[in-house]
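Asks: The whole structure should be built from the sequences, with the hints applied where relevant.
Read top to bottom, the protein sequences are chains A and B.
Mind the numbering: the first sequence is residues 8 to 554 in my numbering, read in order.
Mind the numbering: the second sequence is residues 141 to 434 in my numbering, read in order.
Hints in this document: simulated from the structure, not taken from any laboratory.
Take these hints with a grain of salt, some might be off.
Claimed, not checked - Under 10 Å between C-beta atoms, here's a sample of chain A residues computed to sit facing chain B:
1) ILE183
2) HIS185
3) GLY187
4) THR207
5) ARG248
6) GLU250
7) GLY278
8) THR280
9) PRO329
10) LEU332
11) MET366
As the list claims (entries may be wrong) - Below, in silico cross-link-like pairs of lysine to aspartate or glutamate (DMTMM-like), each with a Cα-Cα straight-line distance of 25 Å or less:
12) LYS275/B / ASP394/A
13) LYS259/A / ASP196/B
14) LYS275/B / GLU338/A
15) LYS275/B / GLU342/A
16) LYS275/B / GLU377/A
17) LYS292/A / ASP195/B
18) LYS180/A / ASP408/B
19) LYS423/B / ASP322/B
20) LYS180/A / ASP252/B
21) LYS403/A / GLU338/A
22) LYS180/A / ASP405/B
23) LYS225/A / ASP91/A
24) LYS301/B / GLU354/B
25) LYS292/A / ASP197/B
26) LYS423/B / GLU306/B
27) LYS225/A / GLU101/A
28) LYS275/B / ASP369/A
29) LYS180/A / ASP213/B
30) LYS292/A / ASP196/B
31) LYS180/A / GLU367/B
32) LYS180/A / GLU220/B
33) LYS312/B / ASP405/B
C-beta: ideal position from N, C-alpha, C; glycine also.
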Amino acid sequence: MTDTIIYAARKIITMNPSRPVASHVAVRGDRILAVGDLAELDTWGDYKLDETFADKILMPGLVEGHAHKSEGTFWRNVYCGYFDRADPDGKVWEGATTIETVLDRLKEADAQLDDPEAPLFGWSLDPIYMDNTRVTRADLDTVSTTRPIGVLHASGHIMNANTRALELGGYLKTGINHPGIPLGTDGLPTGELFSPEVMTPVAALVGFDRAKADGDEKGLWDFGRLCVRTGVTTVTDLAARLEPDGVEAMLKVTGDNRYPTCVVPLKAFMGATAAETVDRAVELKGMSSDRLRLGKIKAFADGSIQGFSARMRWPGYHNGAPNGLWYTAPEQLAELYRLALAASVQVHTHTNGDEATEMVLDTLGPALMEVPSPDHRFTLQHCQLADAAQFRRMNKLGMCVNLFANHHFYWGDEHYRLTVGPERALRMNACRTALDTGVPMSIHSDAPITPLGPLFTAWCAVNRITASGRTQGEYEKINVAEALYAITIGAAYTLHMDDEVGSIEVGKKADFAVLEDDPTEIGGENLKDIRVWGTVQGGRIFCAADL
Amino acid sequence: MTPPLPVTVIGGYLGSGKTTMVNHLLRHADGLRLAVLVNEFGELAIDEDLIEAEDDDIISIAGGCVCCSFGSDLTGALLEMAQLDPRPDHLLIESSGVAIPSAIVGSVSLLDGYRVDGIVILADAETVQMNAQSKYMSDTVLRQLSDANIIVLNKTDLVAKSELSETISWLKQQNPNVGILDAQHGVVPPQAVLDSFLEKPASSGRYHHTQNLEMTTLIPDNPCDVEGLAQHLASDAHGLIRAKGFATSLTGQKMLIQVVGNRWDISDAPDHRADGIVCLGYKGEALQSASLAT
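Replies: Right, here's the structure in full:
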């Protein structure tokens, strides 16, 4: 009986300090039986030797602690981003670096549609890199005047519409007086729509409907394929509605034996009371399967920094913009924390501004006095502007943090110049401080806001280079080993999953990232260029080239 | 053409009594079909005895009223409201305790088929000043109060008279022109809060909550400076809570005037409407036709 497979590899980076490097890993079923050299593994009895990875590097399957499954659904639409980006098929779309290129790409897509009234949806536009050129409906009208067109910006906070979309959405009229809808000299909207609530009528027309995302089976499959291409074996969906239909669809897709990823969707605390949300999370937890881990909650304290809706402490925004918005009141958050702690339900809380972080710290403290919970691992998500004192409090409260390292690359220049100013921009996403103050830390992409790819995220945290090429915040850099830890065990810890994934050691899931290059040898400045062959998840092999 | 659906935004910080007041209005809807959009379906969103049927998306309420939750997508919910058959007479948006009401009004005013009636903010007489100083919520609470066209100062039974008048003058500092209604347990005269009630005849016993309010009808000069009149009625001069009715402009156009607290709005009206403006305000605050006229 040989139900044991031993994989030989060029090198296995285990992230297990007692056996940091090995040449072979034995897998039985979906779990790791042993790690070592062949002689050591031979002691476990019969095996089949598999040389598939003989010239590859194996790492623990990477864990993305903050992504959204819309990373999968968006690719059915037109990619308008500034940077090169690979789609679920592995095709790399060259970045569109001028508005003309963006329009050309939309025109290509337009030409492929038979129905002249069918909608067209583009995504990931970012005029920040094009001298903040404003895109108007006249620009998009050069693509089509017969079909509604919407182009969502990378931040997710702005959408451009063409005239037809404005007309169908009811916005093509004079007399609009709304800060989110700038008007042209003709008194009609320019087609720029700021903020999600303003976008809704147009977004619905072009098929960008957040509410339907849970039940989107193809999107979930594409999300899984992107995970394979980036070495990810465990990915979060932060946050989801998790209505019964959506959960059923997610259970079905992830339950398919060809599905390559373990998905961890968090239930959004929105549109229901704290008690109902915690009850639902408990119910969901019981519905979890091997590859769909339910039962956690995501709460939102504030908005975004570049949207000026994050809550900032004094002195506020660098450009003088008024303070942002609370999405949840402290009393509601306090109730959620108390009930969740009592029900052993983990809560991750979105905070961007430092005042939002402060509010969460002030709120969780008393909740923990009421419901002592030694291993709650409540996690702050993004937490981009926290200072050292706040990290010290996180440590005392037993909190984890998941910092938005990618943000620093994509929008660091903007934060330096406009939103928070030089000093705070230097300490944004303070990985060094988090580790030095003993806060369990992960780093993330927030895909699709920035592309899924933990090795790129690691590169961001190690180098802190902005899009313009400046190093911003030398002190907050972390080293390669720390970054690799953050995208494996570090992220697994924030999900209470470090007992089963995040390192290659006996008893854990046979989850590997299969790499062509060695991240510990290639140099921190080259981490983003590491080629990913594919993954092994639960003992099943997924080669990116064969997807 | 169907007239636009009037929308009232009901805001105020957590615990100020928004839900209680909404239930009071539903209980005294008296034939008006109210549709309520709430941020969330809590256990206590609608008094149980008012509920006729309930499913995931909509609660049916006695008297033809309905209640829906909008979660994070108010615009989407408003678009769905427009499809309701039969159409509601008046839409109430009960916003979350941290929402900025003027932002909600901004979203509503973008959509065709709706007309903003006003922003009614509830304030807990006992805690409003404390909330306005709280570490995190101060600016949010103050923005809510300054967005208000009418402030319902609720739970007045919990504070001493002197404290109450101090709170009222403090509120007037925050929002100099606002109409202030005092209330206990969210009990307010419906016609002061929603203009749709003003159109109904006064015979149905609806006015037993009017406390110290009274109504009068102002017959404006014909023609008159309609805009000037509307501004005047919305000023702080008369303690007016609401006014609604018709006047004839200097160019001979019939106009509809609608005033709620400090907010006023004029729009074209059909020629056959007779001049006359129903005014609702406090007794003893010079609510006289003569003094109302400009």
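Asks: Checking against the hints above, which ones are violated?
Replies: Violated: none.
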